[in-house]
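Work out the full structure: start from the sequences and follow the hints.
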Amino acid sequence: MAREKLEIRGEILMALTPEEVINKRFQATKFKEGYNPEEVDDFLDEIVIELRRLNAENASLKRQVEEAESRATDASAGEGQDLFVESDSVVMPAVAGDEATTGSVPAADPSSAASLLAMAQKVHDEYVAEGQREKERLLSEGREEAENLLSSAQEERSRVLGDLVDTKSELEGSVEQLRGFEQKYREGLRDYIESQLTRLKTGTTVEQSLDTDLSASSTETETQNSDSPQTGATKTGWLNR
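In full-length UniProt numbering, the protein residues as written are 1 to 241.
Calculated from the structure, these hints are not laboratory results.
Here the structure is a predicted model, which is why all the values come from computation and not from measurement.
C-beta atoms are modelled at their ideal positions from N, C-alpha and C, and glycine is treated no differently.
It is possible that part of the hints are untrue.
[Said to hold, decoys possible] Cβ pair distances, simulated, as ranges:
(1) ILE49 <-> GLU144: 41 to 47 Å
(2) LYS135 <-> SER112: 30 to 36 Å
(3) ASP163 <-> HIS124: 57 to 63 Å
[As the list claims (entries may be wrong)] Quick list of in silico lysine to aspartate or glutamate cross-link-like pairs, DMTMM-like style, CA-CA up to 20 Å:
(4) LYS122 <-> GLU46
(5) LYS24 <-> ASP125
(6) LYS122 <-> ASP42
(7) LYS62 <-> GLU46
Rendered as structure tokens:
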């Protein structure tokens, strides 16, 4: 069904069709639900029923007006007036849900039908506006949460980097201490080895000196004994005996 132009208070609007209401799909929210979907669907079903009834009523009224205008051109003003009076009670179809039933319903004022259509359009626009506001709110909350997460991540990154720098400084200090200890240990070990070598060399020279002195002392003692007269007489007398 093609959409018709509808003039309300000097503004031309496109009339909303029941099929458009039925086929209208709203994008589901990912973070937080809006209105109760079942209640919205029930209300939209009521709007569809009312729109179908109003469309049928409006079409019937248009046909009556066209027929009355056609007859008015061929008849007198009085006869034309009678035709308009007779058209006040016309059988029009009443639509309920997807099945249409016919019956006698009182003729409605076209302005009233237009008002109902305008109200239905207004309700639809309010739902759309509410959905847009909810979308903007969720986007704003999402951006704010993303900014907070980014800020927290940057703070955590800065803290971790600071801890790493401090740890690096401590490790470098420990390495320097170990290097100093190593240097002192090497120097001490070298001095100890040199002192031990010196002692070993010194110990060997003293031993040799002691041997030389002992040999010289023994030779001198033997010489003195051989040169002594008493010692020789004693030896001779001992032999004579």
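Hint check results:
Distance hint for ILE49 and GLU144: a CB-CB separation of about 43 Å, consistent with the stated range 41 to 47 Å. A beta carbon spacing of about 35 Å between LYS135 and SER112 agrees with the range 30 to 36 Å that was offered as a hint. At roughly 58 Å, the beta-carbon separation of ASP163 and HIS124 lies within the given 57 to 63 Å, and the hint holds. Between LYS122 and GLU46, the direct Cα distance comes to roughly 15 Å. Compliance with the 20 Å bound is thereby established for this hinted pair.
For the hint linking LYS24 to ASP125, the alpha-carbon distance of about 12 Å falls within 20 Å, and the restraint holds. Only pairs whose Cα atoms come within 20 Å are accepted, and LYS122 paired with ASP42 is accepted, the gap being roughly 17 Å. The suggested pairing of LYS62 with GLU46 is violated, with an alpha-carbon distance near 24 Å, which exceeds 20 Å.
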